[in-house]
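There are 2 protein chains.
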Amino acid sequence: MTPSSDLENLIALMAKLPGLGPRSARRAVLQLVKKRSLQLIPLADAMARVAETARECLNCGNIGTADLCPICESEKRGNGELCIVEDVADLWAMERAGVFKGRYHVLGGTLSALDAVGPEELRIPKLIDRVATEEIREVILALNATVDGQTTAHYIADQLEGRVSVTSLAQGVPIGGELDYLDDGTISAALKARKTL
Amino acid sequence: MTPSSDLENLIALMAKLPGLGPRSARRAVLQLVKKRSLQLIPLADAMARVAETARECLNCGNIGTADLCPICESEKRGNGELCIVEDVADLWAMERAGVFKGRYHVLGGTLSALDAVGPEELRIPKLIDRVATEEIREVILALNATVDGQTTAHYIADQLEGRVSVTSLAQGVPIGGELDYLDDGTISAALKARKTL
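Sequence lines, in order, name chains S and E.
For the first sequence, counting from 1, position 108 maps to 108 in the numbering used here; every step adds exactly one.
For the second sequence, counting from 1, position 192 maps to 192 in the numbering used here; every step adds exactly one.
No farther apart than 20 Å at their CA atoms in a straight line, the calculated lysine to aspartate or glutamate pairs in the EDC-like style are these:
| hint | chain 1 | residue 1 | chain 2 | residue 2 |
| --- | --- | --- | --- | --- |
| 1 | E | 16 | S | 45 |
| 2 | S | 34 | E | 86 |
| 3 | S | 34 | E | 67 |
| 4 | E | 35 | S | 86 |
| 5 | S | 35 | E | 56 |
| 6 | S | 34 | E | 52 |
| 7 | E | 35 | S | 121 |
| 8 | S | 34 | E | 120 |
| 9 | S | 34 | E | 115 |
| 10 | S | 35 | E | 52 |
| 11 | S | 16 | E | 45 |
| 12 | E | 35 | S | 45 |
| 13 | S | 34 | E | 121 |
| 14 | S | 34 | E | 87 |
| 15 | S | 34 | E | 90 |
| 16 | E | 35 | S | 56 |
| 17 | E | 34 | S | 67 |
| 18 | E | 34 | S | 86 |
| 19 | E | 76 | E | 138 |
| 20 | E | 34 | S | 45 |
| 21 | E | 34 | S | 87 |
| 22 | E | 34 | S | 115 |
| 23 | S | 35 | E | 87 |
| 24 | S | 35 | E | 121 |
| 25 | S | 192 | S | 178 |
| 26 | E | 35 | S | 87 |
| 27 | S | 34 | E | 56 |
| 28 | S | 35 | E | 45 |
| 29 | E | 34 | S | 90 |
| 30 | S | 35 | E | 86 |
| 31 | E | 34 | S | 121 |
| 32 | E | 35 | S | 52 |
Hint data in this document are derived by calculation from the structure and do not stem from the laboratory.
With these hints in hand, go ahead and build the complete structure from the sequences.
Spelled out as structure tokens, the structure:
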């Protein structure tokens, strides 16, 4: 006889999370049961609360608790710069870096011929709409440096041509990176984009 | 502005689970928010249910939903064999193997001089009590092959000497194991315990 059906159900659900498999889900659930009041109950409550309150910002696609996310709400962030990211995780990564002071637009993925993802599936029409109606000076493409990400970047740049200045994140050697461990593509991109010191 | 405080709280709680760090907790929470009705709500419900129902078996220490776990309840499992494990995870591992047909006793850890864990902190008194009152022919020590595990095994064997037959899991080459990748200790244990074919 293995874990009770409630436990089994919880383990099966936990095992679906990214980064957890059946084995680590079992370990996590055992720890939760042992730390019931410190971890299990707060976690169940936090999940129920997020399930109730979390919603997509109608403007940019970020996750917040109201129709507009705090970034779209904030007057300070309306500096004319709009950063395009694939996913909310990328938006959070940009925010952690703490240098970008404008607003965001979350696409919700990348164009992909293989997966039949076209511009309508992403939030590209909404982006074009925002560029037309908001006061935006510069669109900064912060898409992942993958084939699909770069395809999407070129598509967006084409769509916005002539309406607004479009830039993209620099490619090169990451801070703390060692040349010996870098791929050829990164080194050649860094060499092409070299700067005078 | 980073994730809302509800989300941040959920991420912080998820990051405390074994096998998840801040980064994977963020990924997991984002996936949960995206799959609200398929994953987030069922998971919150499953956790609340387990928090309410899960309890330790008064007899063996297994986790179940009643005073006695299904294994202690089942008449069939009372075959006179008692398997001693450190943790509920080990009990589940034994059950998955599906060959042991007796009952279990979960110690809840191992003796450890460094961490000041003595016999009273574990469920060793209860074990001695069970050996005295239940009809037990054989105590099978299935403790981890670590220093603390083996110290605990020797302590228990000493305590039970003369009252019941005490055995322990065989040590040797694991199924599918290659000698080249095994440590010296395992090879020498396997050689000492060699069998005629």
